[in-house]
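Visitor: Chain order of the listed sequences is U and A.
The first sequence begins at 1 in the numbering used here and counts up by one.
The second sequence begins at 1 in the numbering used here and counts up by one.
Simulated from the structure, these hints should not be mistaken for laboratory data.
Hints are not guaranteed to be accurate.
One copy or any two copies: either way a pair holds, since identical chains are not told apart in the list.
Within a straight-line C-alpha distance of at most 20 Å, the following computed SDA-like cross-link-like pairs (lysine to any residue) qualify [claimed, not checked]:
no.: 1; residue 1: K26; residue 2: I180
no.: 2; residue 1: K320; residue 2: P242
no.: 3; residue 1: K252; residue 2: H155
no.: 4; residue 1: K320; residue 2: E236
no.: 5; residue 1: K320; residue 2: R243
no.: 6; residue 1: K252; residue 2: R159
no.: 7; residue 1: K395; residue 2: Q291
no.: 8; residue 1: K252; residue 2: D158
no.: 9; residue 1: K107; residue 2: D256
Computed from a predicted structure; not experimentally measured.
Number of protein chains: 2
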Amino acid sequence: MSGHHATPPGTPQVTRDLAHWIVGLKGADIPDAVRREGLRTFVNWLGCAVGGARHETVDAALRAVMPFSGPRAATLLGRPERLDALKAALVNGISSHVLDYDDTHLKTIIHPAGPVASALLALAETRPMSGEDFLTALIVGVEVECRIGNAVYPHHYDRGWHITGTAGVFGAAAAVGKAIGLSRQQMQWALGIAASQSAGLREMFGTMTKSFHPGKSAENGLLAALLAEAGFDSSERAIEAPRGFACVISDKQDRDEMPGDLGTRWEAELNSYKPFACGIVIHPAIDGCQQIRAEIGDRVTQIDRVHLTTHPLVLELTGKRTPRTGLEGKFSVFHSAAFALLRGDGSPTAFTDEVVTLPEIVALRDRIDATADPACHEASVTIDVTFRDGTTLRKHVHRAIGSHDVPLTDAQIDAKFRDQAALVIGDAAARALLALAWTTPGLPDVAQVARASVAQAGSAP
Amino acid sequence: MSGHHATPPGTPQVTRDLAHWIVGLKGADIPDAVRREGLRTFVNWLGCAVGGARHETVDAALRAVMPFSGPRAATLLGRPERLDALKAALVNGISSHVLDYDDTHLKTIIHPAGPVASALLALAETRPMSGEDFLTALIVGVEVECRIGNAVYPHHYDRGWHITGTAGVFGAAAAVGKAIGLSRQQMQWALGIAASQSAGLREMFGTMTKSFHPGKSAENGLLAALLAEAGFDSSERAIEAPRGFACVISDKQDRDEMPGDLGTRWEAELNSYKPFACGIVIHPAIDGCQQIRAEIGDRVTQIDRVHLTTHPLVLELTGKRTPRTGLEGKFSVFHSAAFALLRGDGSPTAFTDEVVTLPEIVALRDRIDATADPACHEASVTIDVTFRDGTTLRKHVHRAIGSHDVPLTDAQIDAKFRDQAALVIGDAAARALLALAWTTPGLPDVAQVARASVAQAGSAP
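One chain only, chain U, in its complex shape:
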């Protein structure tokens, strides 16, 4: 692929090749390590969807769409209400992302599971599939969205697109298309219908509409696959055509990302899981501030000022000085650092509407500043603390927890899952759901997992 409006000779048939790969892939073709990462992706996503289920963003979305729901075949994870699969994909996609606690493909900052798993699990309640087939489709969807993301990142993201929305819709269409057995031609159409729904702007960060993006791309990708199945046709070269996705929606494209080495290199294996409930770029600062707090204890109250030296993206994405809501707090490295220093916490409770305006937090927040250093690695930070008595302390984080080099262990994923899910469905239900989720590869019917996410009578927190 290259510039606008002219397909150079030899341009690969990206959409066709991608569709053929999706259709032809067998579960056994996926290496064990990739399948294992797919399971970790699913477990982490499920905990986030349950953890976010009571957020006011989800309540608002539900008020709007509930009157239009079809037969209520699909579970809202962590909630008693049910919706049709298309609407459940939307709402579960919102709840899984609303805490900004879900998974991240670090190369592209895509949050892969939201669009893909939300679509696939909602559909699985009316189109039964085994846990193994579910995971195969999930991995295929994640791979497709991350490859498409790689091909247009960073130009596409820099322009202002929220890549989880724009690439996610392809992942959802690919995953659902795989699960329902689309033909090669239908899969090309599904990718085409997905391309024409690719949307989501970074301007929405800090508002409810950010988590709307993975939700809507889940719903739209599911719809794309269902339309293609029903014979609704589309362009068969939607990704690479001169007026197709890649050229229209990005200023540059990397043709090598698709689809040459599909099946040998796996982006789905590179997924990562957040230890903190906010944008991945603030994680080094929170990690460092937590370490400082652990080292100095009550002396945090003696801090006069703090200076952060960060990767430039930290300030570009999370430079809000005075967040007014919890959602905005996730886009303030200043709030996040202050809260980590004073409370030692980066979980969802660090990002509520209440805490972002607490005088104690605000007072420290306003004495934190930051400098962007292009030489700083994305997973690093240097924190310089000056105390009221004039003494100083420097903390350098080489690679933050949750980064590619320091991935969350299964045990850490478990703890994160339990902590957030227990607040919504109670500890016993959270533990039972977690145990069940890890057995997904052996389940005859994956919908069991969705149904187990709802608090039983008497077990609510």
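Knowing the structure of chain U, use the given hints to seat chain A on it.
Guide: Relative to the frame of chain U, chain A by itself:
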């Protein structure tokens, strides 16, 4: 507005001002001529939606979405099935555009009514509104989408966006938001949620996914307004922000289009209606070929070759040499001209799967060529015919029928409505529906029009 990532000092609060205008406008503020054009827009759109209702594209969409429909409160125009309002907005938007016979805002090639009227009428069946309020909301929606379209055209369209989809979602959100009485803040949110769903690629032209664009933008705009009503928040400067709609989705923007002279200049008054069921840019060629046929009668069979001198956009948009389907035929000026010469017809029957491969049509089609002339007006064409005996004939069309200078009369809109609607719901029902539609301004409940679009038992064609 200007380039990326920097809001220059003095940048107007476009989204806020637009939202305030929408909320504050009263029906009486709309000049009579604009209201009259709004009614013509509605009548023309209704005929197209009924006329397209039996297209295989609509059948396929319906097969996919029917199982997910909520309470079936909304009519599918011209069909016996019913769907919830969101899904009905989708399907009616598809049927109203699938014949490429609907309205056109000539400055931007937006088809304004599809996204707006499809959303509004579907909702009106559960949220009753008078015909007068309906028309006010319709005009507001058309105005908003055309202003947003003006601001980014032609750069946005040239890049490859199908502007009916990308601008249409704003029109649908504005119209529904007006009709349901959103507050100013909610209206800003609705425009923001719309912005993050703005999508649709020109690559899809000639496939079913083209008419999916107005349908999906109708559904998405309706959803945006309903979400905002439920308290789902969004950016309050979604259009003008550095990473908002205009900068992200277009390479250039014209800030004067929004919203300085809203309410004094009316784009909604500039809507036009097609005499032929295909892209507006081919209309001069069809008009000219029909005139030639009327002049020479049976001598059309003696034509050796035809040369068209056209506006460059004609070949860019409709240069398909060998259309394989009726939908592709709409994007072939060669097929359209051949059919007009041999059959004198540019109605939906000129663009069926059957006729595009008829040997007689194909034989003449393949002897037609065309040259783009930048000096040629968009509504003009010069046609040079060479007969087998070596004689020649030249026809110059100064301004084609249906263009700004030669608008369709009410009587022509009536004839177009009856001709296409009668094929679907029978002549008597088509005539009754047409008569009712013209009385919209006086109707206490506009949903009456939707319900009257369905063939009565015994009255089907």
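Visitor: For K252 vs D158, is the C-alpha pair at or below 20 Å within one copy, between two copies, both, or neither?
Guide: both (11 Å within a copy, 17 Å between copies)
Visitor: If the cutoff is 20 Å on CA atoms, where do K320 and E236 land: within, between, both or neither? Let me know, please.
Guide: between (43 Å within a copy, 16 Å between copies)
Visitor: Is it within, between, both, or neither for K395 and Q291, if the alpha carbons may be no more than 20 Å apart?
Guide: within (8 Å within a copy, 82 Å between copies)
Visitor: State whether the alpha carbon distance between K320 and P242 is at most 20 Å within one copy, between copies, both, or neither.
Guide: between (38 Å within a copy, 15 Å between copies)
Visitor: Checking an output row: K252 and R159, CA cutoff 20 Å. Within, between, both or neither?
Guide: For K252 and R159, the Cα distance is within 20 Å both inside one copy (11 Å) and across copies (13 Å).
Visitor: Can you give me the call for K320 and R243, within, between, both or neither, at a CA distance of at most 20 Å?
Guide: The answer is between: 15 Å across copies meets 20 Å, while 36 Å in one copy does not.
Visitor: I want to check one pair: K107 and D256. Are their C-alpha atoms no more than 20 Å apart within a copy, between two copies, both, or neither?
Guide: within (15 Å within a copy, 39 Å between copies)
Visitor: Using 20 Å as the alpha carbon limit, work out where K26 and I180 are close: within a copy, between copies, both or neither.
Guide: within (14 Å within a copy, 50 Å between copies)
Visitor: How do K252 and H155 come out at 20 Å by Cα distance, when the copy is not named: within, between, both, or neither?
Guide: Cα proximity of K252 and H155: in one copy and across copies (6 Å, 17 Å).
Figure legend: structure checked against the earlier numbered hints; every hint is met.
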